[in-house]
Amino acid sequence: MMKILVVDDDKRIQLLYQAELEEEGYEVFIAGSGSEAIEMFDTVNPDLVTLDILMPDIDGIQVLRKMKEKNPLLPVIMSTAYDYRDDFAVWASEAYLVKSSDLAELKLTIKKLIGGP
Amino acid sequence: MSLKRRFVLFAAIYISVVLVVGWMAYSIDTISVQSPAGEYPGGYAERFGLYRVLTFSLFVILALTFYFVVRAAQWISAPVGRLTEGSRRIREGDFAFRIDLDRDDEFGSLAASFNEMAAALGESHNRLRTKLLESETLMEVSQAENSSLELGAILSSITAIVASRMNKDVCSIYLFTEDRKSLVLRATKGLAPSAVGTARLAIGEGIVGAAAREMSPVAVADVRSDSRFKELPETRETEYLSLLALPILREGSCLGVITIQSREVYAYSGEEIDFLTLISHNVGSAIRNARLYDSIRRRLQRQRMLHELGMAINSILDLDQLLHDVCMRTAQLLNAEGAIIRLIEGDHLIIKASYGLPPGVETMRPLALGEGIAGIVAMEGRPLNVDNAGSFGGHVNVPGVDAKSVLAVPLRAGAVVIGTIGLYNKRSHGADATFDIDDIETMSSVGAMSAIAIENARLYREEKLRESEVRMAGHRLETLFESVQGGIITIGRDLAVRSANRFVERWIGGDVDSIIGRHCSAIRTGETGIIPVEPVAETFETGNPRAIDVQGHMDGDPLYLQMTTYPMRHESGEIEEVIIFLLDITERVRSQKEMLSLYSEVSQTKKYLESLIDNSADAIITTDLNGNVMSWNKGAERIYWYSADEVIYKPIPVLPEFLLPAEAENTELIRRKETLRDIETLRRRKDGTLIEVSVTLSPVIDEYGNVIGVSGISRDISDKRRTEQELTRRNQELSRLLFISNAMRSTLDLHRLLRMTLTAVTMSDGLGFNRALLLEVDSDRRILKGLMGVGPGSLEDAWRIWGELAMARKSLENIMDEIASQPIQRTSFLDRLAQNLEIPIGDDADSILATVVREKKPMNVSDARSDARVDPILVQQLGTEAFALIPLLSQDKVVGVLWVDNLFNRRPITDDDLRFLAAFGNHVASAVESARLFEKVSMAEAELENIFESISDMVYFNDRDYNIKKVNKAVVQRIGLPESRIVGRKCYEVFHGIDEPFHKCPHSKTIQSGKAFIEEVEDPNLGGVFMVSSSPIRDLSGELIGTVHISRDISDARRLNEKLKKAEKMAALGEMAAKIAHEIRNPLTSIGGFARRLEKQLDGKLKNYATIMVDSVTHLESLLKDILGFVRETQIVLMRGDIVEIMDQIVSLFAPSLKEKNILLEKHYQDISLEVPLDSNKIREALTNLITNASQAMEKGGVISVGIWKTDHDAVIEVRDTGTGMSEATLKHLFDPFFTTKMSGTGLGLAITQRVIELHRGRIEVETEQGIGTAFRIYLPLKEE
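From first to last, the protein sequence lines stand for chains X and S. Residue numbers for the first sequence follow numbering that gives the first Met the number 0, so the first one is 0 and each next one is one higher. Residue numbers for the second sequence follow numbering that gives the first Met the number 0, so the first one is 0 and each next one is one higher.
This is chain X alone, in the form it adopts within the complex:
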């Protein structure tokens, strides 16, 4: 089963993503902060990461960088509440999605990047 690491500091988002992605058949891991995500990265070894940017401790860009350093080929979807696409840094991610209550695009992107569960 494909493993997805959801990194988001908002509990409600965590719950939503977990429910929806598990429903799609992925194994979902939740990290509530940047540091937690980096901690979990090695043990979980996810197939894909969804990554929020605005987080209280380490921001998503830093997390992205750390993860890409460890595994440059790991697909990362930036899923944020705000458009940071002008920031060169996020270009390192595979996809950039603005959060929406309709998760269809997210699911589609995941499928494109890592195939079905």
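Treat the hints with care, since some could be wrong.
Said to hold, decoys possible - For lysine-lysine, the following DSS-like pairs were computed, each having C-alpha atoms within a straight-line distance of at most 25 Å:
(1) S/Lys1102 / X/Lys106
(2) S/Lys1095 / X/Lys106
(3) X/Lys110 / S/Lys1095
(4) X/Lys10 / S/Lys1095
(5) S/Lys856 / X/Lys111
(6) S/Lys1004 / S/Lys672
(7) X/Lys69 / S/Lys1095
(8) S/Lys856 / S/Lys784
(9) S/Lys1004 / S/Lys964
(10) S/Lys180 / S/Lys403
(11) X/Lys65 / S/Lys1227
The hints are simulated quantities; they were obtained by calculation from the structure and are not laboratory data. As the structure is a computational prediction, the values presented were derived from the model and not from experiment.
Chain X is already provided as a structure; the job is to place chain S on it using the hints.
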């Protein structure tokens, strides 16, 4: 009845009565004794009767007596009382009193005579009184005559006295006018006072006139009945009916008329007429006296006023005021209405002042001499009196003034008439009058006096003017003294400081007053070292100015002062003071020194170049465009046998005549700046023999880009061929050597040159050694430092390389070409080894290398291991056993050592090899030397040029006359004209589009003051605000020859600043938006997300509710998207931009850090600008990343070459480095984000670059070779799709 008779009568009556009574008393006494008895006893009876008679008789007598006495008293006292009262009344002056006593006795006659006497008394009293009155009146009149000196006042008093004394209502005095044609009322009591001076009668006119004509009194009791009467309305005399007019006669002539008038009809008595006549005499004498007095007084007054005038005008030194004063005083003095002063200026009389005339006078046109009254007076020099100026012609009239009488006199100073003074309209007693002889006399005096005063005032004015000039000059000098940017000190004969300006304070370190009065050696304080004593003394002695430069110190820095001493001569010619000017020329001296050192550097460089040319084996000849030889080197002497002295400045002698047309064609090509290479042709030697030569002709270009001559390098190829043949036979190497040196001469890049040298040494095609090392003498550190090594790293390597070379069939020439054109790899083992070599060559060093350097001789070491002179470590490092060392000699100086060996094929090194190497070494040395030199010069030049060109501010040089001499790229870009169309033109034409100097431009200020100025200038022509600085450029002698301008467009800076602020604001906004998004979108996402989940799982009503929630959230989300602009993709904004400009900006930013890292930057631009559609910010980011990467790939220095050119569809930007290159693995991940091989960096650089280029629909290519370097090429489409 008389009093006597009456008295007798009374007495008779009295006596008779007494007698009767007595008798009766006696008789009664006897009859009446029978009176009642009883009461008087006895005897009384008789007695009683007697007594009674007696008493009665007595009583009657007494009563009678009393009666008579009373009657008598009454009768006498009444008239006596009347008389007494009468005499009292008379005494009291009541002469009208009369005693009214109707008696016929003495009293009656007494009363009558009393009355008569009283009447007589009264009459005589009245007569006396009239006389008294008259004499009193006369007295008063004569008192009045003496009481005042003014006739008007006297007459006025007289009329008042007469009217009151004569008890009349009016008394008036009329006097003749001077022309004696009419009578004017002069004084009156009773008539309207305003009529005085105006009421006027002709002689014979009216009663008054009649009296004057007849010279006899005229008395009219009632004027209504007199036909002569003429009423003068101004006197308001209608109510007066009687009139007595008397002529005032004096010595047979009539002076006037005195009149009295009264309200009621009145007939004047003869006495009154007489009396008034008497008074009229008095009036006559009073008038005469007054006139006499008046005339004396007037004379006196004139004298006094003349005196005063003289005093006054002599005390006034202000010319304008004086003239005005003279006018005023003269007019007043002579009772003139107005006065004018005209002064002669040239041929004309100019009005200078006026008094009492309308304001327009001053602007009246000047009169010519001889024109008008004033003109005549001025010309003839004598007074002119005109009674009726109206008859004189219009041009003398003052506008607005009805000129009647005019008196003009010349203003005569000595014999010279300097002008005129004219008086207008004399007035006398309120009437028009004419000027008399007195006036003329007075005026002549005034004229003379005024003229002198005017001359004085003129002199004074001139004096004052001169004085103010002198003062001004003094002031000017003082200002100059204090404000001049140099020290000024004056020194007296005693060598004491007399004065010094504030500027001096900077050198004496204190208040300038402290040195005043002290010996001039006191100027030296602190350490400045200025001692003006000697030059000052010399100037005092010789009287010559002296200028010397003195050197001192100030705050530890050198201080240069130019000291100039000037003598200040007294009027007598004696030197009174010496002025010292001190000018701080430290800056000038400093810049001169800098210039000199620069100059010596340049001349040294020139010397090097000259020696290079001189030492060349080739003939290097320069000629001007006419074919005259300008330089002729030793090579030329060798080849053509002419010495330099024989040919310099003469037509070049080596051209065979049959080749002249062809040569002319060549020259024509060179004029067009073409270079003709390697033409094989013929030349004639001094002995007439023809030789074959290969000639390269190139233009000599001056600093302005003009072709001024031809430089030819010719090589004797007959010689070469001969040598070749010889070499083919004996020593093939020489040709190689020549070829190599030729190849080497083609490059001045030190690294390439070294590489060529060593490659030539190591190629089998060349000298054929296995390995070669080049070491350079570092004379400062006294070491030999390895520069480069060429050769295989190991035996295997050697076989592989040789094999490859053999396979590739690369000739030496090919290799050389490659070296010349390709990046140099510096990665080989030997090269790295070489670069780490440092061998001491000090005096105490006895190594074999040191020996070679010291002895300047080649050395062949065949057995290194046993040779004691060989450093074993070197042997170990190089792994060699036999090697040769060749000193590289340049100008008899060892500049380096060439080390060769044959490690791999172990071929022994022969003496021939050594000889050949030695010859080669010389070429190498000079080539290296020149390459070094070139490198140095070109580095410095490139650096300067780079700085000059890369300054984004406009920089340009102007000569003194605003001609532009040089501009940088920023100017070319801003002006939009090629450099050739800017240089040589006037700066104001080019920059400001005007044809005269721009007033705000600081250039002229700099030229004038020799100082730098900065101005903020708004220039509509270029459209912007510029900060323009202008600094002086001086030549070697310190002479100002022009200015350098730096013009910065601060409008951009301003705009940028505004932009920045805006961006900051936007950034803040963005941050807020991000926060809001976070705060709203997150909950929205979860609400909507869960609602969707519910929607899927629920049925019926609840499902509808969920749907409502989903819809609402979707709506809100789309709203949020719209608001925060989330729909947009990462965008680039394409605008046409100059990629060359962007690249230049980037590399100029990098220049300092590149220099620090020893990285040389080369620019290869096809054109000065190349515009493509681009997002300049993003492209800048992308290119910056490439340059950063390139510089980071060359930690030990190298070359970054930046190229921009154009293909059919794309602009190509190439960034090439001579760095480490990249491995296959690196290349694979090169553009991955966060991929980096470096210790620092984000790893995003190339990812970003790639992304940016992709967004521009361009592509990026990489070419890399490990150890050689990397080249990135970016292709940007020329046109937007």
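How the hints compare with the structure:
Taking the CA atoms of S/Lys1102 and X/Lys106, the gap is about 23 Å. The hint holds against a cut of 25 Å. The straight-line distance between the Cα atoms of S/Lys1095 and X/Lys106 is roughly 17 Å, inside the 25 Å bound, and the hint therefore holds. Distance hint between X/Lys110 and S/Lys1095 is fulfilled; the C-alpha atoms sit about 21 Å from each other, no more than 25 Å. The suggested pairing of X/Lys10 with S/Lys1095 holds, with an alpha-carbon distance near 22 Å, which does not exceed 25 Å.
For the hint pairing S/Lys856 with X/Lys111, the CA-to-CA distance comes to about 77 Å; that exceeds 25 Å, so the pair is violated. Between S/Lys1004 and S/Lys672 the alpha-carbon distance is near 40 Å, which puts this suggested pair outside the 25 Å criterion. Of the supplied pair hints, the one linking X/Lys69 and S/Lys1095 is violated, its CA atoms being roughly 39 Å apart against a limit of 25 Å. Restraint check for S/Lys856 and S/Lys784: satisfied, since their Cα atoms lie roughly 19 Å apart, inside the 25 Å limit.
Between S/Lys1004 and S/Lys964 the CA atoms are separated by roughly 19 Å; this keeps the pair inside 25 Å, and the hint holds. Only pairs whose Cα atoms come within 25 Å are accepted, and S/Lys180 paired with S/Lys403 is accepted, the gap being roughly 20 Å. Using a Cα cut-off of 25 Å, the hinted pair X/Lys65 and S/Lys1227 holds, with the two alpha carbons roughly 20 Å apart.
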